[in-house]
Each structure stands twice: as structure tokens, then as C-alpha cells.
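Asks: Residue-level listing of the chains:
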Amino acid sequence: MDTTTAQSPQAASTRRTGWSLSRRLGTAGVTLVVVVALWHVLTAVTGFISPARFATPAEVWGALQQIAGDGYSNGRLHQHVLRSVLLVTMGFTFAASVGVVLGLAMGASRRVEAFVNPIFLVLRPIPPLAWIPLAIVWLGLGDAAKMMVIFVSAFVPSVINSYTGVRQIDKPLFEAAAMLDVTGWRYWREVLIPGALPSIFTGLRLSLQASWTTLVAAELVGAITGLGQILNQAAQDIYPAMILVGMISVAICGWAMTAALAWIERRAMPWRTLQ
Amino acid sequence: MAVIQFQHVGRVFRQNGKEFVALKDINFEVGDREFVAVVGPSGCGKTTCMRMAAGLEHPTDGEVKVDSEIVTQPGPDRAVVFQQFALFPWKTVWDNIDFGLRSLRVDTEERKRRIEQIIALMGLGGYEQAFPHQLSGGMQQRVAIARAYVLDPKVLLMDEPFGALDAQTRVVMQEELVRLARKNPRTVLFITHAVEEAVYLADRIVVMSRRPGSIREIIDVKTVRETENWDAHTCIEDVMDLPSFVHLRTHVWKLLREQQLGDEH
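Protein chains in written order, with our numbering: chain A, 1 to 275; chain B, 1 to 265.
Check before you lean on any hint, since a few could be wrong.
As the list claims (entries may be wrong) - Here are the simulated distance ranges between beta carbons: (1) P185(B) <-> D170(A): 43 to 53 Å; (2) R124(A) <-> I70(B): 45 to 55 Å; (3) I70(B) <-> M90(A): 48 to 58 Å; (4) Q168(A) <-> T72(B): 36 to 46 Å.
What the hints assert, rightly or not - Okay, the calculated bits of chain A under chain B, using three or more residues with CB under 8 Å as the criterion: (5) 172 to 182; (6) 190 to 201.
Just so you know, these hints were derived from the structure itself, not from any lab.
Don't be surprised by glycine CBs; every beta carbon is placed ideally from N, CA and C.
Throw the hints in and build the complete structure from the sequences for me.
Replies: Below, the structure is given as C-alpha cells:
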């Protein structure tokens, strides 16, 4: 047999590893049912956990119906969700676009790196939440202040990972690009960006997580609508069931946005998904 | 007319105020459509010689010329085949081969024709849309050779191109390169530490020694190959059995061995 032939790419790409999707969904469903049942038994049936501290599944369902139908804390559930998702999406998109471009520029040019890095070293250790007071003083309690805080928190991981991504590209690839006379925009689009892409997406995932964390924290401080505002109001009303509704909503929104990013990631890097 | 010229080439590194002479007074030429192999122990600076011809490194003394012009920077007229292939993982086989052609502003039809031709020649048919990581090492190096050949460069620079391959694959690739080089001769500077590979592939062999890196001897293989009709044999093992091949190989080995003894004393 000719030892230099590879296995055909078609055969390789159809090979699946691990469980099928339907089987994994089934298992996840079973886990969910068991957890809810256990929760019900511990709170409503045995009273092992006092329902005054941790609401029963039935109470949470009631709170969910209340906020979805009549509304709670200045809005119905979908209005709160829409508001938070919109703010996160805008803040994250803005921060990530600026951050990725700056990170790539720092990776590509020593001069840019030397110029930007000192500023970065000073700003980086400040936790994003520490910007909230300044944001409020500058921009008030409105959306602009929240966007600013999201920007600050989401910006840093995007910059650092894009920068590292460029630096991690194999040196011979730069030499090959020089040999093939790949310059200018082609160099960015076909060498730097795809080479850094795996690391860029790592940065985007971290940025997205940071955006959610800071948004909820910012909304806790002051908001009219939003998921953080549900939590804030429910805490003031001492309403544990509604607190849980708020937390579950944050979890589902965060998961959905992370899943959307993962979907984009798979499509952006076809060479990594084929085995 | 010589295509690649090394004229009194030297390379000195300075580190902590100390000078280290990596290359000293290198003089040789590669003629038009000539295949020259540079052999030497590791650390003799043979790869540095190739990288200077490519424009990836620069001499501190003397000049490296390609087509009578002093080399200043890398370019598609001096195509490099790297030891570690250096294929772009995010590009398919076709797009990797096409990448340099697009820099040369060859029109679409001509590009397609040339890529199809080289893909057929290198036995890459059926893998056009595969990504490099889906291929074996041998296949990846075929793509890298195709990417260099397709540019129709003035010179081909190969830096131990089969060094990362397993023994069987290596033999197959050596046979194919001979087939390619005889059918479609190019000006080639081939770096290797494998003596048999050099004798089998090259028209001339430059044997180097180290500390400082310099030329030990330049050996003519082509005359022997043609008078003894090596190319009548298709398999590398048959050529390696011929007395004329064994004689040349032993000669190169002895040159390298003398250096080793010299190092130990």
C-alpha cells in the first residue's frame, strides 16, 4: 500500500464521536426531571428546606406566570429579557469589535504594542464592577452607564486573546506568507485573522460571560427594567420565588447567547470541525 | 549561467560581546536547471545558506545573488519548501496551492490550469478540498512542493523537506522528486543531512563542515549518474546497490566522518 495516501476526507468527516444528539437531550431531560422532583420533595413535601427561604417549584411556576402575564417590576418577562439581551448584545458587540481589532494590531505591530501595553497594564487590574460608580457619575443611571460598564469588562478579554492569537501563529507560516508575497489586506484577512481565530473566539466567549456578569450587577444598582432589576425588586419584596425566576432567566439567556456564539464559531472555522 | 551565487558569504553572530562565526567564506554556484544538494552535520549552517538565498536571513559578509541580483527579501521567485511544511491550516489543498499564484496576479483560467496540472503531477487528485490536518505527513509535503512548483519560480529552495517523514514515505517522496526533477528540471538548492538522499537526488553535492561552517568539497554526481545510467532504474534501492552509487556515498560519508573525528580530538 502506498504509505503516503491519507484516509479520504469524506470518510473522516462522517465519523461521529460520542453520543448522538437525541440520546444526550434525553439524558439531560431525565436529569432535569430528577432535580425538580428532588426540589419538590425537599421543599413542599418534607419541608426539609423552609419554603420561606427557598421557594417550591409550584411557587416558582406561579411567579413565572405572574411576571409573564401581569408583569412585575415595571414590565412583563419578555420586556425584561429583551432589554437585558439588547444591552448585552450591543455592549458586547461594540467592545468585542474594538477589542479584537486592537488586539490584532498589537499582535501584528511591535509599535502599537509598545504604545498600548502600558495603558493596559494600569487599567487591567481594576475589576470591571469598580467602574460602576464612575459610570453612574458620568452617565447617570440609564443605559449609557450600563453600556460603559459592559464595554470595560468585555473589552479586556477580547484584546488579550486576539493579541495572544496572533503571537501563537507558527513562525514558518509568517515566512511562508512572506515567500508567497502575501501583503496588505490579504495578509490580515487570510493569514493573521484566521490564524488567530481560535484564540479570538476564546476571548469572545470570556467577553460574553463578563458582559452578562456586569450587566446583572449594573442592573442591581439601578434600572427600570431588566433581569437584574427583577432580582433587585424581588429582594426588596422578600419574594424568593421571583428571585428564582430572575436567576433562571439570567441562566437561560446567558446559555442561549453562549450557544449562539458557539454556533458562529463552528461555522467560522470549518477546518477545525472536520476531523 | 549561474542562477544562485554565493560569493564569499559569511555570517557572524554576536552574543554577550562574544563573536561566533557560523559561516565562513562560502563560495558556490547553482547553475540553470541544476539540482545542488548541501550536506553537512547539524550546526554547520546549511539551513542558514538556504534561508539567505530565500531572503529570510542575511549574510554579514559577502553576497548571495539570485539571477545576478542581491537577495534582500523573500519572494515568490524563490519558492521555499519548509521542513515542517508550513501549510495554512485554514486553507484547503487547492487554496494553499493557489495562494501564491494570486500574489503573482495570474489570471483565473491560467491559475486553474496550472493548479490542476500540478495536482495531477503530485498525485493529489481527489484531495483538492481537504484541509492539511486531514492529510498524512507525506501528502502534506506533496502539497507544499506543489505550492512551490506551481509558482514556476526561478529557484526552488528545499530545507530538509523529507526530514519530518517516516522512512517508507521518505523513499516514495524521494523517488517522486527524482521523477519530477528529471521530467521538469528546475534550479534547486536542496538542504539535507541524509547522505544517500543527496547522492540519489543531486547533480552536485556541496559537503560542508562546521566550526566554522565552511565548504569541505564539491562533488559532481551528474557525470557519474549519466555514464552509469542510474535513471534506468525506477526504484531507489536498485540505484543504491550500484557500485558507482556506493562509491560516491562512501566518499561523502568519509568526508563527514573525518569532521566527526576532528571534533572529538
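Asks: Hint by hint, note whether the structure agrees.
Replies: For each hint, the structure was consulted:
1. P185(B) <-> D170(A): 43 to 53 Å: The hinted range 43 to 53 Å is violated for P185(B) and D170(A), with Cβ atoms some 32 Å apart.
2. R124(A) <-> I70(B): 45 to 55 Å: holds, 46 Å
3. I70(B) <-> M90(A): 48 to 58 Å: holds, 55 Å
4. Q168(A) <-> T72(B): 36 to 46 Å: violated, 29 Å
5. 172 to 182: holds (count 9)
6. 190 to 201: holds (count 5)
Figure legend: structure checked against the earlier numbered hints; hints not met, in rising order: 1 and 4.
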